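Colleague: Produce the complete structure using the sequences and hints provided.
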Amino acid sequence: MVARNPLQSVAWLCVCLPWTAAQRVLRKPSDAKESYDYIIAGGGLTGLVVANRLTEDPKTTVLVVEYGDLAESWNLSMPYYANWVQDASLMFATPSTPQRGLGDRVFNLPLGATVGGGSTVNGMAYVRGARVDYDTWESIGNRGWGWNEMFKYFKKSSTLNVPSPEVVEQLGYTYDMSSYGHGPAQTTLPPWQWPDVYYLNRAWSEDLGYPFLDDGGMSGDLLGASWKPISIDGKNMTRSSARKAYYDPVQHRPNLQLLVNSYVAKVQIRKSTAKGVDVFSRDDSSAKTSISAKEEVILAAGGIHTPQILQLSGIGPRDLLERLDIPVVEDLPGVGANFMDHPTIRGTSFRFNNANPINFAALVNNATFFNAAWDAYMANRTGPLTASHGNTHVIASLHNLTADAPRLIHTLITSLNSSSYLPTHYLNKPTLLAGYAAQLSLLTEALLSGTNPLTEFAWGGGTPGMGAVLQKPLSRGTVLVNSTDPHPALSPPLVDFNALAHPFDARVVVLAFKMVRRVLLAAPAMGPLGVEELVPGEAVQSEEEIEAVLRESLVSPHNAHPCGTAGMMPRELGGVVDDELRVYGVKRLRVVDASILPVIVAANLQGTMYAVAEKAADVIRGTGRGGGE
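For the sequence shown, the positions run -22 to -1, 1 to 607 when mature numbering (1 follows the signal peptide of the UniProt record, and there is no 0) is used.
FYI, nobody ran anything at the bench for these hints, they're computed from the structure.
As the structure is a prediction and not an experimental result, all values here were calculated from the model.
Quick reminder that beta carbons are idealized off the backbone N, C-alpha and C, glycines included.
A couple of the hints might just be wrong.
[To be verified] Label pairs and their calculated CB-CB ranges: (1) E550 / S268: 30 to 36 Å; (2) S461 / K213: 34 to 40 Å; (3) K249 / G81: 45 to 51 Å; (4) A71 / D353: 31 to 37 Å.
Modeller: What follows is the structure in structure tokens.
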């Protein structure tokens, strides 16, 4: 048998995987019709869900405008290659501004630039936020967006493909079928786990006493350890993306058209009413095509590009628009504010001196092992290539991280002027300050309760170490245009995460790193692996030293979960859309993507966005044709 190098296999597969049936797509803006009932800017996860549901009515016409193209390869669909995207054309790499709180480092934010968006290129995790996350949305002024209502849409959008009883018993899986429905988005628990994962499972559950959640955290209680499902179709063990789940099955509907390799530059607005969009080819910005929307324009371009489109359309903070000579259509200071993501500890390094030889590195370094894994996957969809990057994690509260939680909350939140850590963009914008104060009050109350998820610790067992993620940051950033050039890749907005600006966030990542050390280096269950810390190393011990090294080199400001920049909140709290996702002050214009999240959830965003999009589709259809303000 000829040995296959994994890297060579990726390139080969990108060329040789058979394509699905020819798609009915438009490839030039000039190919589109003059008008549609609905125009959706963005063919990512939410855009495709809404397009699918709206075109269930054969009388409703929908155009989806997507910057990327249809992409198909094992590199995208095989779980092993999750996050291993080599084709730069499938991703935006939007640079941040220098991050003051992270040693003035600049970070590229990877975003999907293909049909299906992030669901086509992400790490395949399917998780949900906590009950308190969505109840916070409702408490801030969004009727019908609490946990009980959202749970219906989690079920509507998802299906759990249960592994065989033999796999469930062998790997120790638990799940609760009542938390799922029979929706298009497929999830499963893979028929493979790396042996070392069970050492970490025992360290958390037996040594540290974290409960193992039988339902995987799917029913609103996240605190504890769990097996998290992955977005894989259990029938063929390939990625279940929004494209595969929501677009491909309905691609031949005559009332649905997909325009690829194109982008919406701005919304046409006359008399405070959205009338259509201006569209350009991603490869030729010289020719503008204007397309009319008879009912509504729906922005689904994501947490970075939706605020860019709004601002270039004259909807946003007046001072910014006037500085760029953009005619002000609607003064909405919240457009581009309230920017959130999940700061993540990425740069630590550990070694398992006694690691099981069956590990992730063997797939790269051992051609015999890789070939056997390849053959197992191709023959019967089993073996290590069915696993992405691990599906075990722990969600912890502040009280789990420290016995000093009440004092920390008092010292680092209630006794401080938290608004002083906000971006300068918030100055002289009372609605933004009021909105942040409302969020802070709700978040502080949840933190004090001890039931608020705050950090995630994730591991896969195949590689040494463990990731740590701050799930509920108090810092807020901005996404603001700096040019009237609308090209989303060549002229992106200024992205400022403002990460770790709030001292509470900085303390939490220090506590999270100390927890990583406690589990890996001190938990008795980890003893047989002979764990050794390489970076930052045992010389770094005090909290001050830990914080310094985290800021300078080990923390990323994001986990590729940008959100909040067109927040669903009352207008007097800096909101951009109401609880029916209608942009304030502009008729027939809605937003349906992660930018509407008023407060980020304690989870990867994919599962939440499927539910948000399903609910949005019902809201749009229930409002009636013509929408409203």
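Colleague: Compare the structure with each hint and give your call.
Modeller: A quick look at each hint next to the structure:
{"no.": "1", "hint": "E550 / S268: 30 to 36 Å", "result": "holds (34 Å)"}
{"no.": "2", "hint": "S461 / K213: 34 to 40 Å", "result": "violated (47 Å)"}
{"no.": "3", "hint": "K249 / G81: 45 to 51 Å", "result": "holds (49 Å)"}
{"no.": "4", "hint": "A71 / D353: 31 to 37 Å", "result": "holds (35 Å)"}
Taken one by one, the earlier hints fail for this structure only at number 2.
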